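Top to bottom, those sequences are chains A and B.
Under the working numbering, the first residue of the first sequence carries the number 116, and numbering increases by one thereafter.
Under the working numbering, the first residue of the second sequence carries the number 117, and numbering increases by one thereafter.
Possibly wrong hints are sitting among the right ones.
Below, a list of computed lysine-lysine pairs in the DSS-like style, where the Cα atoms sit at most 25 Å apart [stated by the list, open to error]:
{"hint": "1", "chain 1": "B", "residue 1": "LYS189", "chain 2": "A", "residue 2": "LYS372"}
{"hint": "2", "chain 1": "B", "residue 1": "LYS295", "chain 2": "A", "residue 2": "LYS135"}
{"hint": "3", "chain 1": "B", "residue 1": "LYS295", "chain 2": "A", "residue 2": "LYS283"}
{"hint": "4", "chain 1": "A", "residue 1": "LYS131", "chain 2": "B", "residue 2": "LYS248"}
{"hint": "5", "chain 1": "B", "residue 1": "LYS244", "chain 2": "A", "residue 2": "LYS131"}
{"hint": "6", "chain 1": "B", "residue 1": "LYS228", "chain 2": "B", "residue 2": "LYS295"}
{"hint": "7", "chain 1": "B", "residue 1": "LYS135", "chain 2": "A", "residue 2": "LYS375"}
Non-contacting residues of chain A with respect to chain B, defined by C-beta distances greater than 12 Å in every case (computed) [to be verified]:
{"hint": "8", "residue": "VAL145"}
{"hint": "9", "residue": "VAL296"}
{"hint": "10", "residue": "PHE307"}
{"hint": "11", "residue": "VAL347"}
So these bits of chain B aren't anywhere near chain A, every CB distance computed over 10 Å [said to hold, decoys possible]:
{"hint": "12", "residue": "VAL129"}
{"hint": "13", "residue": "TYR171"}
{"hint": "14", "residue": "ARG197"}
{"hint": "15", "residue": "ASN198"}
{"hint": "16", "residue": "ILE200"}
{"hint": "17", "residue": "ALA210"}
{"hint": "18", "residue": "GLU271"}
{"hint": "19", "residue": "GLN315"}
{"hint": "20", "residue": "ARG341"}
{"hint": "21", "residue": "GLU358"}
{"hint": "22", "residue": "LEU360"}
{"hint": "23", "residue": "ASP363"}
{"hint": "24", "residue": "GLU367"}
{"hint": "25", "residue": "LYS370"}
{"hint": "26", "residue": "MET396"}
{"hint": "27", "residue": "ILE397"}
Simulated from the structure, these hints should not be mistaken for lab results.
This one's a predicted model, so the numbers in the text were calculated from it and none came from an experiment.
Where a beta carbon is used, it is the ideal one built from N, C-alpha and C, also for glycine.
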Amino acid sequence: MNLINETIRIGLLRSKLELKQFLRQRESLVFTLFFPVILLFIFGSVFQDTIAPGVTFSQYFVAGMVASGLVNTGFQQLAITIPMERDDGTLKRLRGTPMSVSSYFIGKALLVTFLMIIQTALLLFFGTALFGLNLPTDVTSWWTFTWLIILGSACSTVLGIAFSVVPKTGRGASAVVSPIVIILQFFSGVFFVFTSLPTWMQQFAALFPLKWLTQGMRSVFLPDDFASQEVVGNWEIGRTALVLSIWLIVGVILAVKTFKWGRE
Amino acid sequence: MSNAPAIEVRGLVKNYGSKSAVAGIDLRVENGEIFALLGPNGAGKTTTVEILEGYRNATAGEVKVLGFDPATKGEAGQRWRNRIGIVLQSTSDAADLSVLETISHFANYYEKPRDVNQVISEVGLEEKIDSKVRELSGGQRRRLDVALGIIGSPELIFLDEPTTGFDPEARRSFWDLIKLLKSEGSTILLTTHYLDEAQALADRVGVINNGRIIEIATPQTLGGRNNAPAKVCWLEDGVTKEILSKDPTAEVAKLSQRFNGQIPELEVLRPNLEEIYLKMIGELK
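Okay, chain A solo, but in the shape it has when bound (with noise of 0.2 Å):
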């Protein structure tokens, strides 16, 4: 028996499950895909005017939600749902089977992939039916589009994972995790300019990936020029792709070490 093909099989079947219990929850199904839409839709009506010359608000703003939208379906998702089932006993019977932690891995990171692919494609869409949003036209914007979201929600899968052991309940999971995101959106630009927030804010937020995440959908989506009204002046590419590869190396490693089965 070749045990890599068998940890990908039970994987690939796990995330056929973990969909199909997902989309059987009514209320997670609805907050996680459909949230970033209702939000575009509040912003987009309240905030009309341009920051900038071609720039809507809604086109800055869908930068900001496609990439908190990798947060919410990766990083918040799991570092909820995790505790429940550590709670609910799903992690301790899956532990007494010959099932490996690895297939239990591949299983949330498909699961999570196929949110933020449906997320983002609902996002684009209804900004582009009711907000006039643009969609970038160039080969160049696309691709980074691509990596930002293979890297981004890598990253925000592992520390998703990585962050499950935190909370002590299921019950309270959401209590401690929703605060974190919400901040960190705040503290990144994804509600405000970010060249608008005071400078102690842009600074704790560039520890984190969420603001680089939202920075490179910025480039993908805001004409070339925005560029110059960013805080140094520039898309800082490849300074995003080191600081969200540094994050996923960290995350892994924490996620490998402190993965927990049970409470003990």
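Fit chain B to the known structure of chain A by using the hints.
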């Protein structure tokens, strides 16, 4: 290999800080038997079983389950889990999946799974096959737990307090299921609070208290039950009389002679397992 015991434990100790939950246990469970572990809450039952299942690591001692140390990590540990089945206590996972989906999915984890439909009919969930797990009653939920525990054709099954919260009828039919599993050749380690359950199912019982095994015996002989004096009761002159005797047959014969045949309201009572058990754990407190 068939003579090797399913479970062999020597000098098992588990400490939490300065407190020891398990204080030196020796245990041997033979292949094909149902062994019941009895003991009050906090006696070290669950800790012991969870060490055997590989959920916890022992502080000291030697543990072999199917010839294998359950604490082994990695691929070998994964292989070993193909051969055991764990029926957990009170879980509420998989709520949004159907019975069939859950069992079919778990079948994929094992090298030689049993037939999914056969397992479903063995545990008596045919009519609930498409029901969501959250819609099952407590008893049905435990049947699903058993189905998930046996889907991988385990050689050894761990059953942790399987019938807690069952009504009497559900318990009887659950016992039949356990007997069926035994007849199919599985070894079963059962923990329970119910003495009648141990009596109905177990080949041998072990009583555990304060982290130690007090006695291991068959349900019939535990605590010297077979030799304990029996109570003989009868009605005489309008009052119930009783005597304790090591030889109740002789007492009954004497009474029969005295009453010239029929003894009014005759009863011969051996101490039941529960009385013996309560005495055992009471004495040691």
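- prompt: Does B:LYS189 pair with A:LYS372 here, judged by a C-alpha cut-off of 25 Å?
  reply: holds (14 Å)
field: Closest CB of chain A to the CB of B:MET396 still more than 10 Å away
entry: About 30 Å separates B:MET396 from the closest Cβ of chain A, which puts it past 10 Å; holds.
field: Pair hint A:LYS131 and B:LYS248, alpha-carbon separation not exceeding 25 Å
entry: OK: A:LYS131 and B:LYS248 at ~17 Å, within 25 Å.
message: Just want to verify: A:PHE307 was marked as not at the interface with chain B; is every Cβ pair farther apart than 12 Å?
response: holds (38 Å)
task: Run the C-beta distances from B:GLU271 to all of chain A and say if the shortest one exceeds 10 Å.
output: B:GLU271 is indeed farther than 10 Å from all Cβ atoms of chain A, at 14 Å.
- prompt: Since B:LEU360 was said not to touch the interface, does its Cβ keep a gap of more than 10 Å from each Cβ of chain A?
  reply: Holds, because the least Cβ-Cβ distance between B:LEU360 and chain A comes to about 48 Å, which exceeds 10 Å.
- prompt: B:LYS370: least C-beta distance to chain A exceeds 10 Å?
  reply: holds (58 Å)
field: Outside-interface status for A:VAL347 - nearest CB in chain B farther than 12 Å
entry: holds (47 Å)
query: Holds or violated: is the Cβ of A:VAL296 farther than 12 Å from all Cβ atoms of chain B?
result: holds (24 Å)
field: Non-interface claim for B:ILE200 versus chain A (Cβ beyond 10 Å)
entry: Incorrect as stated: the minimum Cβ-Cβ distance to chain A is 8 Å, not above 10 Å.
field: Cβ separation check - B:ALA210 to all of chain A, threshold 10 Å
entry: At about 7 Å from chain A, B:ALA210 fails to clear the 10 Å cut-off, so the statement is violated.
- prompt: Can we confirm that no CB of chain B comes within 12 Å of the CB of A:VAL145?
  reply: holds (15 Å)
In terms of the numbered hints stated before, the structure departs from hints 2, 3, 13, 14, 15, 16 and 17, listed from lowest to highest.
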